[in-house]
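The chain contents come next:
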Amino acid sequence: GENVEQHPSTLSVQEGDSAVIKCTYSDSASNYFPWYKQELGKRPQLIIDIRSNVGEKKDQRIAVTLNKTAKHFSLHITETQPEDSAVYFCAVNTNAGKSTFGDGTTLTVKP
Amino acid sequence: DTGVSQDPRHKITKRGQNVTFRCDPISEHNRLYWYRQTLGQGPEFLTYFQNEAQLEKSRLLSDRFSAERPKGSFSTLEIQRTEQGDSAMYLCASSRAGVASGANVLTFGAGSRLTVL
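Here the protein sequences line up with chains B and F, keeping their order.
For the first sequence, the numbering used here assigns the number 1 to the initial residue and increments by one for each residue that follows.
For the second sequence, the numbering used here assigns the number 112 to the initial residue and increments by one for each residue that follows.
Be careful, since some hints might not be right.
[Unchecked claim] As a list, the in silico EDC-like pairs of lysine to aspartate or glutamate whose alpha-carbon atoms are at most 20 angstroms apart: (1) B:Lys58 x B:Asp27; (2) B:Lys42 x F:Glu194; (3) F:Lys122 x F:Glu167; (4) B:Lys37 x F:Glu155; (5) F:Lys122 x F:Glu163; (6) B:Lys68 x B:Glu39; (7) B:Lys42 x F:Glu155; (8) B:Lys110 x B:Glu56; (9) B:Lys58 x B:Glu79; (10) B:Lys71 x B:Glu15; (11) B:Lys42 x F:Glu163; (12) F:Lys125 x F:Glu139; (13) F:Lys168 x B:Asp27; (14) F:Lys168 x B:Glu2; (15) F:Lys182 x F:Glu155; (16) B:Lys37 x B:Glu15; (17) B:Lys42 x B:Glu2; (18) B:Lys37 x B:Glu5.
[Stated by the list, open to error] Label-pair restraints from in silico Cβ distances: (19) F:Thr131 x B:Ser28: 37 to 47 angstroms; (20) B:Arg51 x F:Phe185: 24 to 34 angstroms; (21) B:Ala29 x F:Gly183: 32 to 42 angstroms; (22) F:Glu179 x B:Gln45: 40 to 50 angstroms; (23) B:Lys71 x F:Arg170: 36 to 46 angstroms; (24) B:Asn67 x F:Gly183: 30 to 40 angstroms; (25) B:Glu56 x F:His121: 16 to 26 angstroms; (26) F:Gly213 x B:Arg61: 43 to 53 angstroms; (27) F:Ser173 x B:Thr106: 22 to 32 angstroms; (28) B:Ser28 x F:Ala211: 37 to 47 angstroms.
Hint data in this document are derived by calculation from the structure and do not stem from the laboratory.
Virtual Cβ for every residue (Gly too), placed ideally from N, Cα, C.
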């Protein structure tokens, strides 16, 4: 089955700095790569996603890059703010159905 | 339609008892997923349905776990003879199938937190 590895497990940055979280996957048939943000005690919520026919996607301060050859993708958050503090999960999906999640990155943005 | 609803939000039970969780997905979504999440971990896939058909079940899932989606709308997840290791947050999510924009985007419910004493 699919294996998703996410790094780092914890990340602490100063407000205004950038944060980068990386995920690698094993199944070359994977074609959909979402990122979820989960605040303490709340449900995971989609923040950005990318499909395999695109190399990069940007939405305001967040961006995702995908390297299908190397089977890795990354989440980039620029100009971080304290409200960006949360756990971030990458996931990998094929059209066949289920998403497989990484183990999460706890991001702390220090004011 | 206000999103994915789960009930109950919290369940405390004694070891050996059976519990059942219910999930009502977004009405236009034909896929429904069950995940389990423990502290410090990502959601772990349990099973998913497309309409009323259960298409995949995790090999890690014990025979004590069963899920149904009888009419392709709401779903139930039952855990029989609960064990302390079953304590977790049980998340339901729904999505549209296909390749069009928005397909396979999971919308999660708030979860049902199970505590087995």
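- Message: Output the indices of the hints that this structure fails to meet, ascending.
- Response: 1, 2, 3, 5, 6, 8, 10, 11, 12, 15, 17, 21, 22, 23, 25, 26, 28
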